[in-house]
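Number of protein chains: 2
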Amino acid sequence: MKFDTAPSRGMKDLLPAEVELRDRATATILATYRRYGFRRIETPALENLRLLQGSGGGENEKLIYKVLKRGAKLDAATAREDDLADLGLRFDLTVPLARYYAHHRAELPDPFKAIQIGPVWRAERPQKGRFRQFTQCDIDILGVVSEIAEVELILATAEALIELGLERPRIRLNDRRILSAMATFCGVEPSRHGDFFITLDKLDKIGREGVERELRDAGHDAGAISKLFAMVLSADGESSSSLQRLAQVVPATSDAVESLRMILRAVGQEAGGRFTVGFDASLVRGMGYYTGPIFEAAYGDYGGSIAGGGRYDRMVGRLLGQDVPACGFSIGFERVVSILEGKSDQVRSERDRVAFLFEPADPLAEVAAEAGRLRGREGTVSLTLKRKNLARQLDDLAGEGFGSYAVFRPGQSPEVKTLVRRTESAGGADA
Amino acid sequence: MKFDTAPSRGMKDLLPAEVELRDRATATILATYRRYGFRRIETPALENLRLLQGSGGGENEKLIYKVLKRGAKLDAATAREDDLADLGLRFDLTVPLARYYAHHRAELPDPFKAIQIGPVWRAERPQKGRFRQFTQCDIDILGVVSEIAEVELILATAEALIELGLERPRIRLNDRRILSAMATFCGVEPSRHGDFFITLDKLDKIGREGVERELRDAGHDAGAISKLFAMVLSADGESSSSLQRLAQVVPATSDAVESLRMILRAVGQEAGGRFTVGFDASLVRGMGYYTGPIFEAAYGDYGGSIAGGGRYDRMVGRLLGQDVPACGFSIGFERVVSILEGKSDQVRSERDRVAFLFEPADPLAEVAAEAGRLRGREGTVSLTLKRKNLARQLDDLAGEGFGSYAVFRPGQSPEVKTLVRRTESAGGADA
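Those sequence lines, one after another, are chains R and Z. Take the first sequence: its position 329, counting from 1, is numbered 844 in the working numbering, and each next residue is one higher. Take the second sequence: its position 237, counting from 1, is numbered 752 in the working numbering, and each next residue is one higher.
By construction, these hints were calculated from the structure, which means they are not laboratory data. Remember, it's a predicted structure, so these values are computed and weren't measured experimentally.
Since the list gives no way to pick one copy over another, a pair counts as held whenever it fits inside one copy or between any two copies.
The calculated DSBU-like cross-link candidates involving lysine-lysine, where the alpha carbons are at most 30 angstroms apart (straight line), are:
#: 1; residue 1: K717; residue 2: K577
#: 2; residue 1: K584; residue 2: K643
#: 3; residue 1: K527; residue 2: K584
#: 4; residue 1: K577; residue 2: K527
#: 5; residue 1: K901; residue 2: K932
#: 6; residue 1: K717; residue 2: K742
#: 7; residue 1: K720; residue 2: K643
#: 8; residue 1: K720; residue 2: K577
#: 9; residue 1: K858; residue 2: K720
#: 10; residue 1: K643; residue 2: K717
#: 11; residue 1: K527; residue 2: K858
Chain R on its own, in the form it takes in the complex:
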């Protein structure tokens, strides 16, 4: 019998070299975050559907994988999806964090500085480079009103990116309160701010004309639009002078402007040329739950952001009945890994591995004993049956990333020889 052995649609298997790159990236990120006092937590993959739905997750709520209720009566007349399912796979790590914090607050340090790294699931239309299961990597600080929370999140994330080899990341900063004030000042009703920001968020993709058209089509006033553009674009210099100008033009932003100034000063002073940080009035971010500063990181000429976050002071309140100040920064782990895969210095093979070759007739106990001694000296030793064509096998082993090999000889100490790859054929097993 033959079977379809591909992973399920939109999902991905990871080969050893991919896992090794991801494990190194994870270790680097975790080590950096731990230096800042963050501690890792874990929540289960399955959450009650009621938590996930109506969590302010926007579009993502439509993409939830729902789990069939066990023993549910498949009653014809009444069967709606929600009668059949009571659990769902999490679509992000922020909604579960809010639940976790609300539930465990008495057992957690105050402030609580959490690291989360793990898979999330979204039933998106499969497309190149995007998968239905992917890894998110978040840090969050709960219980801190002060802008020091934003400062720590930004410094820790910038440092993690630099440690990963993503030199000179660019951090952009804005504030939802400024965006709201700008929108109000330009005559957009508060109830329509959400849609307005989502369109504004497309400036990178569809340009000024595209955004203007979309806003006009949505019925926004042409005068308000051009007023806002004058403001956004004049302030889009990633500088604090544009922030100052904005504060003069738009009233009711002084708190937010002061917040951003403090963050820019504290972060900027620590940047020391290793990364840049600046105000960007066109930064919007597409989520509904932000309440204050928002930020993103970009790298090189890689389009789009590689990390994003902001303050969401009212999310925990929905669960706890009492607001808790909160803010987070999330590294786009899959994007970062795909950038690293493109950097040749990251395709590091594990050259310290020794292949120890033996023949079927060799005495197993002696082979195992010799391998143990070799492992004590050389670190990583992998036992492999010797093939007839040794030259070909050695070439394959070099292709698999082995740095050296030794051949078992009864009663003799094995000699470790360096492996040099002769051909450029694809590595791995015999074709």
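Mind docking chain Z on chain R? Use the hints.
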């Protein structure tokens, strides 16, 4: 609004200290396995239901979490569970490994030595200490007929357990071919071997009388039963002399006996008093897919096994249409972690962490700069707002595992002082 914030039924949130213990255990296991040449792979959590069902997973197949098909027509008349679901959460790591190997064989080294560590899901009746999401940690060798595969799996697993601090684990060994020959010799029809073994597997739990009764109730011949018991119990000395005796009494076991002898000799010689290994004719293991040697590890007076595995040469064949020799050893990660949690030396707090205290009025930029310098010297520095009752706060910080603290003073280099815990109140935040 108040919300039920508990994790979904049968699931578990992990607190920082629990994650830290698990992360250390994972790192220890992975480092050991990597020295033996194993490499980590990952498969998605969701697999096609068709793969999971009929995989020889036995009881576990009844416990699959099924995912609602997106846009499935909830047609009253025809709605059966399998019309509504096409994906399921994996219930183990072996079935996905077989699919992965069948799909990627051309890209993988030969032999292929895989590590897998990750969550699996089973919709079991919730009970104390057992959860519906739990972590498995497997190593498998695919493509090796020789008993060197069993030898490597056992040595690597024993070493990992010892490195974890589980001193002197006891490895028990048997072979499905011996069990089959014994059963046949005692007059049990081959078609009934499966049920017969499952009952025999209960010897630890229900004793000899219980097993005899269950076998008689199932219609097995009383003479055959007592013959077998004489054999199993006389051979149950975990010694190779009992293996020899068995080979003399039961015909058609010579290959299996020779396999076990080779494995016992090679493994035993490497044990060097650090662990024990022996033959145990009463070892059965409750899975259907084993074809040769089977093994388990036990520790101290902890009941049940902490690791189990064996050879399953025909599982990949079901998917590939061509058998591939395979064998694996799985550490019961949750059991191991619960043992480690009970060992006081494992409850290691991260004493190298420094809490850096500041006040709301302190200039953020200076605070951040000072924290950065401190981090450069001390490693882990976590910023924390100073409370009014400093003595109480310092006690809390000690309870959270901070080893020292420093207080921000404008224009001065902060002095790092050791934290000593005064009270034995529960750590964490203010109650």
